[in-house]
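Use the sequences and the hints to build the structure in full.
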Amino acid sequence: MKVKSKLKEYGVKPSKERGQNFLIDDSVIDEIIKFGKPSEKDQLIEIGPGLGALTKSLQNYGNLTVIEIEEKFCKPLAEKYPHIKIINSDVRFVDFLELGDDLVVFGNLPYSFSTEILFFLIDTCPNVKKAVLLLQKEFADRLAASPGTKDYGVLTISTQLKANVYSGPIIPGNCFHPPTKVDSRIVELRMLEKPRVEIEDLIMFKRVVSASFYRRRKKIPNSLKSSGLASSETITQALKEANINTDLRPEDLSLGDYAALSKALVNLSLNREG
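Residues in the sequence shown are numbered from 0 upward in steps of one, following numbering that gives the first Met the number 0.
Since the hints were made in silico from the structure, they are not lab data. This list has only true hints and no planted wrong ones.
With a Cα cut of at most 25 Å, we get these calculated BS3-like pairs of lysine-lysine: (1) Lys-71 <-> Lys-12; (2) Lys-1 <-> Lys-12; (3) Lys-217 <-> Lys-205; (4) Lys-205 <-> Lys-161; (5) Lys-55 <-> Lys-128; (6) Lys-205 <-> Lys-239; (7) Lys-149 <-> Lys-180; (8) Lys-40 <-> Lys-128; (9) Lys-180 <-> Lys-136; (10) Lys-205 <-> Lys-149; (11) Lys-224 <-> Lys-239; (12) Lys-71 <-> Lys-15; (13) Lys-180 <-> Lys-12; (14) Lys-205 <-> Lys-224; (15) Lys-193 <-> Lys-205; (16) Lys-15 <-> Lys-1; (17) Lys-5 <-> Lys-71; (18) Lys-262 <-> Lys-239; (19) Lys-33 <-> Lys-129; (20) Lys-36 <-> Lys-161.
Derived DEER-like restraints, expressed as beta-carbon distance ranges: (21) Asn-266 <-> Ser-26: 53 to 61 Å; (22) Asn-173 <-> Ser-38: 28 to 36 Å; (23) Lys-40 <-> Lys-218: 46 to 54 Å; (24) Tyr-165 <-> Asn-126: 15 to 23 Å; (25) Asp-24 <-> Glu-97: 28 to 36 Å; (26) His-82 <-> Arg-17: 21 to 29 Å; (27) Pro-178 <-> Lys-79: 20 to 28 Å; (28) Asn-173 <-> Ser-268: 50 to 58 Å.
For each residue, glycine too, the CB sits at the ideal point set by N, CA and C.
Right under this line is the structure:
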């Protein structure tokens, strides 16, 4: 596909604001299909088909719905692939519950909106069973990180609470138009039927995780105290009740540790109120 000429034909200039970088290497499409393994039984959703580079392959599998924010791309897609459903919208405003059950999502996500779109899928689309996404490599590596590594953080914990993350091939920046300054990576998220660990108060859990990484290089007690989440006395007691080693740093704690810590803080708060 001659991307530049097609964009000119449709009167579209790649938008930095929308994070538009179009795939120009067919081998990348092959990599995505090989890694994502779509099947004819799948209810497929593609986010941001653009000129249809990935759509061309996906339309050979299952029922396909594409969600495209750029109106100028929708008509050519409809003419070329009359059998697929096309939704002209920002994906974050689409009601996925109306699109079917056990959805399998594919997409080359814009770097600037990756976090928003990712958590839209994870937190508000219970009928999504799998997502195969092309993301900025640094972002993708944070999703799949393990405790004790520099990439492990709020993004990791929030994602792995609800999904298994699998890392795929690295895609160089010159595979896109305009070329990206950094590499990308294909990742697969398989959504869990229930959170990986039991969370009694999700709001408190998120607050605790965020507060813990407020000063990620400090030891966990100091980081929490610096954040202003609770009094020094309460934090000390909560860490003790959660059986967490106070010499550890935020990146050393597991999902289970954060669940236990948030539970302890909730219980201490309730005891004081009582």
